[in-house]
Structures are given as structure tokens and as C-alpha cells.
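So the sequence lines, in the order shown, correspond to chains A and B. Counted the way the working numbering counts, the first sequence spans residues 1 to 146. Counted the way the working numbering counts, the second sequence spans residues 1001 to 1112.
No lab work stands behind these hints, which were simulated from the structure alone. A couple of the hints might just be wrong.
What the hints assert, rightly or not - Some chain A residues judged to face chain B by a derived CB distance under 7 Å, without partners named:
{"#": "1", "residue": "Ala52"}
{"#": "2", "residue": "Leu65"}
{"#": "3", "residue": "Leu92"}
{"#": "4", "residue": "Trp102"}
{"#": "5", "residue": "Leu105"}
{"#": "6", "residue": "Pro107"}
{"#": "7", "residue": "Trp132"}
{"#": "8", "residue": "Leu135"}
Bear in mind the structure is a predicted one, so any value in this text is a computation, not a measurement. Yeah, the Cβ is synthetic: ideal placement off N, Cα and C, and Gly gets one too.
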Amino acid sequence: MSRDPSVDEQLETSMGKSMRKPYTPKMPATWWLRRRAYFLFIVREVTSVFVAIYCVILLVGLCRLKEGGDAFESFLVSLRSPFSIGFHVVALLFAGYHSITWFNLTPKAMVIRIGEEKVPPLLIAGSNYVAWLVLSAALIWIVLKG
Amino acid sequence: MAKSNEPIWWSLFSAGGVIAALLIPAFMLVTGLILPFVDSPDEIALRELAQHPIARLLLFLVISLPLFHWAHRFRFTVADLGLHGAKVLVAVLCYGSAIVGTVVTGYVVCTL
């Protein structure tokens, strides 16, 4: 007589380990090209690569600023190269896409209530966009006013 | 239930996502596309600005947290795109690079 499979599962879970091999679905490497939604998902994940590369460039820039003089000047020269401009333009587009997807997800990840009332999702997302604009303007102003 | 350090990585991922969303585009615009083309960027003024305690803290967070954000996303993207083996190795390499980057950034902002 065979037992209900869910009993087996409960037993395994209670023992803290699974006897079964994990199931790994076989998918072609190009699965994410099949649908627009899949493609946009991968694009969203890839934004983090551009952001991370930029962070390393910023770190290098800080080191050059610390050394000062010729080191900083040659860093500026490399920033003026077509390759650098191209990278920063593309990275900016990816970073902007990250911002938009991140802000639009916040109301789903964080439901705020005031008393019984839910704060409308649009208000939460909207306040993110306002903060984005204010912080960006403040940063640009602080760095460039000198 | 097995102990998991997932909440730590997730918190860093999340904090990095917020920083990246709110500040990275403006940083890219300023340091990558505006400053290099300003007539003569004032090196001394820039250094003084970066040496302000708040600026040091901000620079530290703006560089280190998005590295953890990247590590967390990249780790799962590698699996999503077909590399299912070597999960532990991928995780160690991703979070490891973020940790190294954070230590280096901490040193640089402290000694600016």
C-alpha cells in the first residue's frame, strides 16, 4: 500500500533535508528572447552590471582626485574619450531604467497604511519620483556651483 | 530549518537598489558627462567637497551599496541564463567582489 506523497514530503521536511534531487527545468539559453516581458526582466537585472561598472569608475576617479595633478588631469582626458562618453550615455539609460522599475515596484513591496486607509500606490511611487528629481538637482547644483 | 544568511544579502541588495535608483543617474551625469567637459574643473574645490564628512559617507554608500545590489542580482541572473552548476562559487565570487570593493572604498574615502 502506498502512502500519500504529501506525507513523505512532510517527513522529509521535518527531517530537515530532502531525499529528492532538485528539479532543474531544461530551458534553452535564449528563453528570455521569446517574450517582451522576459526580455525586459533580463534588461532590468543587467542594469545592475552597468551601475556596478560605473561605481568602479567613480572609485578610480576618487583615487585620481586623491593623487591630484597629472593623475587627475589624465583621468579627465580619458573621460573625454568617445568610448567613455558612449559608456556613460548607455549606462545612464540603464540606470534610469533601474530607477523607474524600482520606483514602480515600491508600492507593491511596501504597503503603507494611515489608520484604516491604504496610502494609494500612485502616491508612494510619485513621492519616489519627486525625491529622485530633488536629489538629482541638489547633487548637480552642489558639485557644479563652484 | 537551516540557518540562512539570505536576509543580510537581501537587505544590502535592497539598500543598494534604493541608492542606485535615487542617486546613481545624477552621479553618472555629473562625473561622466558634465564635469569632464566643464572648461576647467577646479581640482582643489572638488577635493575639498569630497573631503567633507557627509560627502565621504555619501561616496562610501553610493559606491559600496550598489556593488551588493549588483552581486545579488548578478548571482541569480547567471543561474537564470543557464549556468545552474557552481551556485556556491558564483555567490562567493559575487558577494566577495562586493566586499573587496567596499573595503577599498572605505579606505579611499577615509584617506582622501
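Can we keep the Leu105 of chain A interface hint, with Cβ of chain B closer than 7 Å? Check failed: Cβ of Leu105 of chain A comes no nearer than 9 Å to chain B, outside 7 Å.
Given a cut of 7 Å on the nearest C-beta pair, is the interface hint for Leu92 of chain A held or broken against chain B? Because about 5 Å separates Leu92 of chain A from the closest Cβ in chain B, which is inside the 7 Å limit, the hint holds.
Hint Trp102 of chain A vs chain B: min CB-CB distance below 7 Å? 4 Å, holds
Restraint: Ala52 of chain A near chain B, CB-CB cut 7 Å. Satisfied or not? Cβ of Ala52 of chain A sits 4 Å from chain B, so the hint holds.
Hint validity - Trp132 of chain A Cβ closer than 7 Å to any chain B Cβ: 6 Å, holds
Supplied contact hint for Leu65 of chain A, tested at 7 Å Cβ to chain B: With a minimum Cβ separation of about 6 Å from chain B (threshold 7 Å), the hint on Leu65 of chain A holds.
Take the shortest C-beta to C-beta distance between Leu135 of chain A and chain B; is it under 7 Å? Given a least distance of 5 Å, the restraint on Leu135 of chain A holds.
Measuring from the C-beta of Pro107 of chain A to each C-beta in chain B, is the shortest one below 7 Å? Violated. Min distance 14 Å.
Going down the numbered hints, you'll see the structure goes against 5, 6, while the others check out.
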